[in-house]
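Novice: In case you want the letters, here they are:
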Amino acid sequence: MARIELDLAHAYRPNPQQDSDYALLPLRMTFEDGGAYALLGPSGCGKTTLLNIMSGLLVPSQGSVRFDDRDVTRDSPQARNIAQVFQFPVIYDTMTVAENLAFPLRNRKVSKEQIARRVGEIAEMLEMSGQLNQRAAGLSADAKQKISLGRGLVRSDVSAVLFDEPLTVIDPHLKWQLRRKLKQIHHELKLTLIYVTHDQVEALTFADQVVVMTRGRAVQLGSAADLFERPSHTFVGHFIGSPGMNFLPVQVRADQVQVAGVSLPLPPGRALPDGELKLGIRPEYVELVAPGASGALPVKVSRIQDVGTHLMLSAEIAGQTLKARLSSDAEQLLPGDIVHLRVMGEHTCFYRNEEIVS
Amino acid sequence: MSTTTKPVNQKAWFLILPVLLCVAFSAIMPLMTVVNYSVQDIISPERRVFVGTEWFAAIMRDEELHGALWRQLTFSLSVLAVELPLGILLALSMPAQGWKSSVVLVIVSLSLLIPWNVVGTIWQIFGRTDIGLMGAALQGLGIEYSYTGNALHAWLTVLVMDVWHWTPLVALLGYAGLRSIPDAYYQAASIDGASKLDVFWYVQLPKMRGVLMIAVLLRFMDSFMIYTEPFVLTGGGPGNSTTFLSQFLTQKAVGQFDLGPAAAFSLIYFLIILLLCFILYNWMQRVGTQAKEGGHE
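Chains as they are written, first to last, in this note's numbering: chain H, 10 to 367; chain A, 2 to 298.
What the hints contain is simulated information worked out from the structure, not anything from laboratory work.
Beta carbons: idealized from backbone N, C-alpha and C, even for Gly.
Errors might be hidden in some of the hints.
Capping the alpha-carbon separation at 27 Å, the derived lysine-lysine pairs in BS3-like fashion look like this [stated by the list, open to error]:
no.: 1; chain 1: H; residue 1: Lys-199; chain 2: H; residue 2: Lys-184
no.: 2; chain 1: H; residue 1: Lys-118; chain 2: A; residue 2: Lys-208
no.: 3; chain 1: A; residue 1: Lys-208; chain 2: A; residue 2: Lys-197
no.: 4; chain 1: A; residue 1: Lys-101; chain 2: A; residue 2: Lys-197
no.: 5; chain 1: H; residue 1: Lys-199; chain 2: H; residue 2: Lys-118
no.: 6; chain 1: H; residue 1: Lys-287; chain 2: H; residue 2: Lys-309
no.: 7; chain 1: A; residue 1: Lys-101; chain 2: A; residue 2: Lys-208
no.: 8; chain 1: A; residue 1: Lys-197; chain 2: H; residue 2: Lys-118
no.: 9; chain 1: A; residue 1: Lys-197; chain 2: H; residue 2: Lys-121
Derived Cβ-Cβ restraints for the label pairs, each shown as a range [to be verified]:
no.: 10; chain 1: H; residue 1: Ser-165; chain 2: A; residue 2: Val-161; range: 50 to 58 Å
no.: 11; chain 1: H; residue 1: Gly-328; chain 2: A; residue 2: Arg-180; range: 51 to 59 Å
no.: 12; chain 1: A; residue 1: Arg-180; chain 2: H; residue 2: Thr-177; range: 19 to 27 Å
no.: 13; chain 1: H; residue 1: Trp-185; chain 2: A; residue 2: Ser-112; range: 51 to 59 Å
no.: 14; chain 1: H; residue 1: Val-210; chain 2: A; residue 2: Leu-113; range: 53 to 61 Å
With the Cβ distance kept under 10 Å, some of the chain A side facing chain H (calculated, not the full set) [unchecked claim]:
no.: 15; residue: Asp-193
no.: 16; residue: Asp-199
no.: 17; residue: Leu-206
With these hints in hand, go ahead and build the complete structure from the sequences.
Specialist: Following this line, the structure appears as structure tokens:
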């Protein structure tokens with residue numbers, strides 16, 4: 010087990026000139042020993058590159074990787090003592106389930122009794138004890154991926170276990186089960202787990218800390234609550250949540266916030282620099298208020314969707330779309346109506362150049 | 002019980018008539034001619050005697066045939082024993098990508114493009130002790146090499162010639178199999194701490210199994226019917242040390258004009274090949290379905 014410190018950048022082509030040449034822009038990050046982390050981002054954002062750099066399958070073009078203050082930048086996965094689980098199940102066709110699980114231990118010359126004990130434990134955790142003597146090749150994709158997971162977890166002394174979207178091929182209901190299983194295994198084994206995914210639900214339920222990535226940049230590292238309440242980058246606001254955060258261009262002058270010609274007072278205790286900013290607010294925090302109430306913003310309703318537990322209101326203001334999550338007993342609204350919404354409150358965030366300022 | 006019955010129209014049988022005619026002229030009738038010869042002793046166009054299964058009985062007891070059959074089996078198994086490991090080794094050492102892989106692929110497949118009788122001629126010259134590179138070199142090393150005089154030398158030369166000609170096929174098939182293994186398998190093996198030998202044994206070989214089965218089938222059947230190359234190189238000699246089944250048959254039918262025994266043997270040869278095909282095909286089918294059950298790609 011180890012604390013992983015990254016201070017690196019990576020480009021697949023030689024002599025990168027501009028930002029777009031980099032698969033990973035310069036970043037500095039620390040993964041604490043025993044933590045459960047997720048790397049979250051859309052396809053092509055560099056999360057798998059980052060994972061492969063940590064596991065040692067890839068050498069970063071600049072910078073270093075340190076495990077517990079030991080420089081391992083050029084070490085092989087074996088030397089780093091890393092375990093990794095891939096997107097598609099990787100199993101050894103000619104071996105039985107038990108032999109598959111024992112393979113990483115056998116290669117490290119672990120004693121027979123210890124292998125048997127450890128394989129038994131892992132099989133128990135993954136509920137595969139009954140299939141130990143079956144040939145791995147004949148099993149379903151789900152079961153094969155469980156074997157891959159098991160091979161990742163079977164060594165108790167690993168520095169970290171890395172998962173590269175391991176549940177892509179798994180059935181939805183099993184996915185949920187396996188995710189819980191992983192969480193439980195994390196508590197029992199106290200391994201450092203790093204989990205790559207593009208599914209925010211998966212990331213937020215699995216990890217204590219989530220790294221959100223976009224276009225080769227790690228834009229925020231934080232807990233699920235941090236990412237939800239105070240996205241440090243507009244991309245995080247946009248990417249996390251369903252639907253994502255609302256953004257409105259605003260002008261700030263002397264503690265007055267101008268939104269589409271309406272002047273709103275700043276909430277008490279908040280200070281903002283003057284100039285062009287972007288206001289961000291989650292649909293969950295937008296309130297329906299009476300006309301004339303303080304901070305009321307008049308908007309035109311464009312669509313109302315009944316999502317069962319609540320109503321999703323889409324409204325327009327000065328060419329911008331604003332979404333609000335309203336309780337389902339809210340008054341009857343029709344497209345074309347003018348309603349008043351409050352967007353200013355303690356949950357409102359402000360951004361300049363996509364970065365949070367307040 | 003259903004009250005509606007399907008309309009019956011037997012005229013549809015006429016639709017397969019063209020195929021039946023084609024097959025009749027291309028396969029059934031020629032084969033029947035052979036059957037016809039195999040049960041008669043044709044002394045002259047006017048005089049022929051029905052002999053029943055006599056030719057079959059005679060040919061089954063023919064010592065020369067037994068010799069040719071054993072020689073053939075030994076040869077085909079030797080071909081497999083040499084070409085399979087060598088082809089796999091070649092496939093493993095071929096570069097995976099880039100211009101180097103294209104160049105190597107072309108060079109490796111060159112020998113497959115040469116016509117059979119040209120291959121025989123090339124080796125005939127190659128093995129000559131006066132002007133041939135191999136023959137002269139062996140002579141220079143003090144080996145009394147002669148593919149025309151020494152039975153063992155002749156047999157080995159034919160084997161080496163076949164290996165030279167056809168190992169590239171096994172290598173190409175193996176190469177295709179290797180290229181279809183996803184990178185994740187190698188990465189996982191490296192993370193699991195597998196040695197190079199482990200990777201070969203537990204990842205590469207099982208993943209190549211499908212294409213190697215095809216290689217076994219092709220090489221076995223092809224070598225079992227080998228004719229042109231040894232015919233050009235050694236003419237079946239010295240003695241009959243390199244007379245394989247095809248050549249034995251040709252000698253009987255064309256050389257000695259023993260049409261009856263030759264026809265009887267043709268049928269037996271045909272049945273042997275049919276039987277081996279059947280066994281290999283079923284074996285491959287079984288392996289194929291196993292691979293399908295196990296595969297996820």
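Novice: Confirm or reject each hint.
Specialist: Here is what the structure says about each hint:
1. This hinted pair checks out: Lys-199(H) and Lys-184(H) have alpha carbons roughly 21 Å apart, not beyond 27 Å.
2. With a CA separation close to 26 Å, the supplied pair Lys-118(H) and Lys-208(A) stays within the 27 Å bound.
3. Restraint check for Lys-208(A) and Lys-197(A): satisfied, since their Cα atoms lie roughly 15 Å apart, inside the 27 Å limit.
4. Restraint check: the Cα-Cα separation between Lys-101(A) and Lys-197(A) comes to about 23 Å, which is no more than 27 Å; the hinted pair holds.
5. The hinted pair formed by Lys-199(H) and Lys-118(H) meets the criterion: a straight-line CA distance of about 23 Å does not exceed 27 Å.
6. Between the alpha carbons of Lys-287(H) and Lys-309(H) the distance comes to roughly 20 Å, so the proposed pair stays at or under 27 Å and holds.
7. Between Lys-101(A) and Lys-208(A) the alpha-carbon distance is near 24 Å, which keeps this suggested pair within the 27 Å criterion.
8. Restraint check: the Cα-Cα separation between Lys-197(A) and Lys-118(H) comes to about 16 Å, which is no more than 27 Å; the hinted pair holds.
9. Proximity of Lys-197(A) to Lys-121(H) is assessed by CA-CA distance (about 23 Å); at most 27 Å being required, the pair is judged to hold.
10. Checked against the given bound of 50 to 58 Å, the beta carbons of Ser-165(H) and Val-161(A), roughly 55 Å apart, stay inside it.
11. For Gly-328(H) and Arg-180(A), the hinted distance range of 51 to 59 Å is satisfied, since their beta carbons lie about 53 Å from each other.
12. As the Cβ distance of Arg-180(A) to Thr-177(H) is approximately 23 Å, the hint placing it in 19 to 27 Å holds.
13. For the hinted restraint 51 to 59 Å between Trp-185(H) and Ser-112(A), the CB-CB distance of approximately 57 Å keeps it satisfied.
14. Remark: the range hint 53 to 61 Å for Val-210(H) to Leu-113(A) is upheld by a beta-carbon distance near 55 Å.
15. A cut of 10 Å between beta carbons decides the hint on Asp-193(A): the least distance to chain H is about 4 Å, and the hint holds.
16. Residue-level restraint check for Asp-199(A) holds (minimum Cβ-Cβ distance to chain H is 7 Å; threshold 10 Å).
17. A hinted interface residue such as Leu-206(A) counts as satisfied when its beta carbon comes closer than 10 Å to some beta carbon of chain H; here the least separation is about 8 Å, so the hint holds.
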